[in-house]
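Residue numbers (the working numbering), protein chains in the order written: chain V, 175 to 393; chain Y, 21 to 462.
To be clear, the hints were calculated from the coordinates, so they are not data collected in a lab.
Some clues are possibly wrong.
[To be verified] Part of the chain Y face toward chain V, derived, beta carbon under 10 Å:
{"id": "1", "residue": "151"}
{"id": "2", "residue": "231"}
{"id": "3", "residue": "279"}
{"id": "4", "residue": "330"}
{"id": "5", "residue": "332"}
{"id": "6", "residue": "363"}
{"id": "7", "residue": "419"}
{"id": "8", "residue": "443"}
{"id": "9", "residue": "446"}
Fair warning: this is a prediction, and the values are worked out from it, not measured in the lab.
Cβ coordinates follow ideal geometry from the N, Cα and C atoms, glycine included.
Each chain, letter by letter, is given below.
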Amino acid sequence: MKPNTAQEQFIQQLSDLQEIEILDAVRSRLAENEDPLAIIEDAQEGMRRVGLRYEQGEYYLSALIMAAEIFREIMEIVQPVVVETQVASTGSGIVLLGTVQGDIHDIGKNIISILASCYGFVVHDLGVDVPPEIFVAQAEALKPDLIGLSGLITASFDAMGQTIALLRQVEARTGRRMPIIIGGSQIDEQICSFVGADYWVRSAMDGILLFQRLLPNAL
Amino acid sequence: MFVRPDNWNEMSPLERRSARLDAWQNAPVQFVNPEAEAAYKVRIERLRKIYDMEPHDRPIADPFMGASEYIVRRKGVQGTDLVYNHEKLREPLLEFHREFQPDVAVGVLPYPGRSWDLLDFKLYLWGGQKLPDNLVIQAVEGEYMMPDEYADFIADPTAFWLKQYLPRAYGALAPLAMLPDFPKISESVDTIDLLLPFGMPPFQEMLHKMMEAGNELMKTLGIVGQTGAMIAAEGFPAMGLNIVKTPFDYLGDTLRGTKGILMDMYRRPNELLAACEAYVPVLIKSIVGSCDRSGAPTAFYVLHKGADAFMSQAQFEKFYWPTWKQVMMALYEEGIISYLFIEGSYNKRLENLAQMPDKSLVCHFDQTDMGPVKEILSDKFIITGNVPASLMSAGTTDEVRAYCDNLVELFEDAPAYILAHGCYFENTTDDKLRAFMDAVKK
Numbered sequence: 175m176k177p178n179t180a181q182e183q184f185i186q187q188l189s190d191l192q193e194i195e196i197l198d199a200v201r202s203r204l205a206e207n208e209d210p211l212a213i214i215e216d217a218q219e220g221m222r223r224v225g226l227r228y229e230q231g232e233y234y235l236s237a238l239i240m241a242a243e244i245f246r247e248i249m250e251i252v253q254p255v256v257v258e259t260q261v262a263s264t265g266s267g268i269v270l271l272g273t274v275q276g277d278i279h280d281i282g283k284n285i286i287s288i289l290a291s292c293y294g295f296v297v298h299d300l301g302v303d304v305p306p307e308i309f310v311a312q313a314e315a316l317k318p319d320l321i322g323l324s325g326l327i328t329a330s331f332d333a334m335g336q337t338i339a340l341l342r343q344v345e346a347r348t349g350r351r352m353p354i355i356i357g358g359s360q361i362d363e364q365i366c367s368f369v370g371a372d373y374w375v376r377s378a379m380d381g382i383l384l385f386q387r388l389l390p391n392a393l
Numbered sequence: 021m022f023v024r025p026d027n028w029n030e031m032s033p034l035e036r037r038s039a040r041l042d043a044w045q046n047a048p049v050q051f052v053n054p055e056a057e058a059a060y061k062v063r064i065e066r067l068r069k070i071y072d073m074e075p076h077d078r079p080i081a082d083p084f085m086g087a088s089e090y091i092v093r094r095k096g097v098q099g100t101d102l103v104y105n106h107e108k109l110r111e112p113l114l115e116f117h118r119e120f121q122p123d124v125a126v127g128v129l130p131y132p133g134r135s136w137d138l139l140d141f142k143l144y145l146w147g148g149q150k151l152p153d154n155l156v157i158q159a160v161e162g163e164y165m166m167p168d169e170y171a172d173f174i175a176d177p178t179a180f181w182l183k184q185y186l187p188r189a190y191g192a193l194a195p196l197a198m199l200p201d202f203p204k205i206s207e208s209v210d211t212i213d214l215l216l217p218f219g220m221p222p223f224q225e226m227l228h229k230m231m232e233a234g235n236e237l238m239k240t241l242g243i244v245g246q247t248g249a250m251i252a253a254e255g256f257p258a259m260g261l262n263i264v265k266t267p268f269d270y271l272g273d274t275l276r277g278t279k280g281i282l283m284d285m286y287r288r289p290n291e292l293l294a295a296c297e298a299y300v301p302v303l304i305k306s307i308v309g310s311c312d313r314s315g316a317p318t319a320f321y322v323l324h325k326g327a328d329a330f331m332s333q334a335q336f337e338k339f340y341w342p343t344w345k346q347v348m349m350a351l352y353e354e355g356i357i358s359y360l361f362i363e364g365s366y367n368k369r370l371e372n373l374a375q376m377p378d379k380s381l382v383c384h385f386d387q388t389d390m391g392p393v394k395e396i397l398s399d400k401f402i403i404t405g406n407v408p409a410s411l412m413s414a415g416t417t418d419e420v421r422a423y424c425d426n427l428v429e430l431f432e433d434a435p436a437y438i439l440a441h442g443c444y445f446e447n448t449t450d451d452k453l454r455a456f457m458d459a460v461k462k
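One chain only, chain Y, in its complex shape:
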């Protein structure tokens, strides 16, 4: 939980940024021994200097965005265990940290499989459900907002989310469509409208399921949270990430689907633009609120449809960038760093990113050409990523070592570089992972 200091309104964006990073850096940890505490302080101080783009002894290697699944799979954990059996992840994770001594903590995302089952979650398939046990999750492309519903969304995104999207995304939440329009609840008799659905058997059944799913979620979070605390206690600080998307990607990934939203750029451009605009204040409030609650200093964008392959530069600058930039600028004002996990390539978008204020971004690249990244962005932002998943999966240890050495050398004189993978992968070897992690220690 981040608590704003009394002089918050007088602070500059960078002072607010420092306040959030201070709170993250000084969050209490119960260490297992003094050695672990000392190691933690060295690691988090190095990471803090990277976040602040100040001189530090060496870059760090972050295996989380890529190797986190392998780290548990190497000890026999299946994809389905990442969804249903979170207690099975603890020992493999702790063993990895003890054996590999990473610069930062590597956790796994707490996929709540039992909650998904109870709520009939439709946006994903997962291992142990409809996917084989060796797989984790895969998104199901679909239209969860029909083309003729743009007006509803634009008028009130939150109401749309609550009463139209959630009933479609979770089969068990269909009764949410019965909820009233809250802004009209005013007069004495309006209490009837407010409570009527809550008296209906289908709505009550839904509430019971939600409570059951909530209880399952708390079990999952309890196990995963405890594992995270144990990793920290042994000396490994977490990066402090809070997952979000751009307005366009929320609309595209979650509501309209890839095909739907890309065609909307041609068929209903004005509605699409208005929907992205309507999203901006909602998203800003939501992201700031979740960063405050979690204490995470960064908003971690999973970026999809703005990549080079999806749309032209003109389409990017018309549909994708303006509202995203508005959100990022608002977060910057709030002292929140935008961490951009850029899937695919962004070779044509680098000048757009360069418009953002210094230190406002961490730019994590997948397949983007890192030469221009160095030239255009590395003096302004923290740079990370670009070790290919294909290399980790199919390359040799020597090839991994050479690739990582080249990246470290390329960014040797950059203020802040984090060696990281470009994308998740399931399979590699301990030797390749060690070669990756050792590249920053030479």
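Here chain V stands alone, though its shape is the one from the complex:
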């Protein structure tokens, strides 16, 4: 459907991080009995534009956090009037995320979690300080297309290695390949190879771009 002006303005307001205006617009659209799913889709498009502006070097972590907060507020308003199943992803793929055992940092992981949802991925976020066994159990239960391990501190390298070793056993057992991505500010190619991951990223947006590259059906 070709976007109309009001819709375009809505998307642009989110992309410009105009928090008050966009939340007012959400309430107005709901008051006019507009389909909440259409509001969510527009908000997702706004978030994708935020991502683009990040890629282009206009936005930084501060803008991603602000955008994620606005998106959360939109969902808080919209969610009560929409059946949860209706908000299901458009099917970019299933992502399992978590900060590895021994590390309690979550800002980067949380941003990637929200952004990934906006890009149509179904995200299962296991939280922080996640033991390897929990990653394994959830990987077996959820059958994710991608697994993302987050870790800010250098002490997390060992936990990443242990988690990945166990996840590789799941792959061997099931014959199902699950690309494993590690993320964190001290992560690089050397650590990726050291812990046995497939890919590495240092920023949330780079993570989303990688998800898209790895899963051809992604938005």
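With the hints as your guide, set chain Y onto chain V.
Using the frame of chain V, we list chain Y on its own:
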């Protein structure tokens, strides 16, 4: 303790700087033997020339900002020992100095675990408490100042710190909220207001806990201080650092949290700016006072949220840089060197740093591109850092050697370079550490 000379008011900033460095360099040390004394003098004279950006025989390697944990872990010390068992650190530290003969002393930070337990400290988790024994500490992100409390903070940062922040950061200090507003204690009967909390059982219980925690702290400081003195006695001078933050990072790391403060740039920019401004005089007084008390010639900034990834250049120049620069300029006037431990990358901020006066900074980089650093900053400031933690953790000895050789070569003609790591790491090998330290001796 630094004592200002009589002619302090007539001295230029660089003369004051020299006076502080003289006091640090000539601080009394009880050496174990004449050889240790001679070695100490060679080392501290070299370091002094680096601080003064004067010609010297070679760069130095400083393993402290990176390898200090490994240095004790290599002898079986656990993360929890760094928090609770400081006496266990002594022998591994002394052994390291004897075996590796570093250019400067390598100590460990005196984390006072028992004091934290007694006071129910909430800003961190630590090994032996809620983290596994192999880990040391991790910061707990939180909002210790609510968004609607900016006005309170701006009106009186010290009162906010005392009566609102400390009761939240330390569970046992909650009764501090009972304290009166001190500036109104004036008339005879105001003594009632002043003393009333001190007569209350919860406040008295808090005071007892604080004394107990203070006693534990003195034990920790006694052990760590004695270890530091023993390291100096064997010939290894300390860099002389005094840990501080920028106004924005104090607000962000400690009061509002990363998420809170980054959103405040959008939601309440004027309050955030006013809070940073209100912080400036408080911080200057506090940092100068602590440098005077400790005799440390440098204020060691742990820098977080001004890094390239966190905010745009426009946001940096609006929210982060101006008040930080004010503080650093005031310290420069007081003869205090600002040592910047720049976590992440500062590729976009180099021109800002270049605005500072010559010799006012030590710039310690983590992931910043060192080519532009050399070009833009190395004639003005002491440069250090950039050996990656990932390389020390996962690289080979040859890779470490090649990386360090390249850095030393890059800064060969710079007035002052210190080879150092970009970030802390827990695991490496003796061979890699030796390759790092030997790179400056070729």
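Checked hints:
1. A distance limit of 10 Å between C-beta atoms decides the matter here; for residue 151 of chain Y the minimum to chain V is near 7 Å, and the interface restraint holds.
2. A hinted interface residue such as residue 231 of chain Y counts as satisfied when its beta carbon comes closer than 10 Å to some beta carbon of chain V; here the least separation is about 31 Å, so the hint is violated.
3. Among the interface hints, the one on residue 279 of chain Y holds; its C-beta lies about 6 Å from the nearest C-beta in chain V, closer than the 10 Å criterion.
4. Annotation: interface hint on residue 330 of chain Y holds; nearest CB of chain V at approximately 5 Å, less than 10 Å.
5. Evaluation of the residue 332 of chain Y hint against chain V yields a held restraint, the C-beta minimum of about 5 Å falling below 10 Å.
6. The beta carbon of residue 363 of chain Y is positioned within 10 Å of a beta carbon in chain V (closest approach about 8 Å), and the interface hint is therefore held.
7. For residue 419 of chain Y, the interface hint holds, since its Cβ comes within 10 Å of a Cβ in chain V; the closest pair sits about 8 Å apart.
8. Taken as an interface hint, residue 443 of chain Y checks out: its beta carbon lies about 6 Å from the nearest beta carbon of chain V, inside 10 Å.
9. Against a cut-off of 10 Å between C-beta atoms, the interface hint on residue 446 of chain Y holds, since the closest Cβ of chain V lies about 5 Å away.
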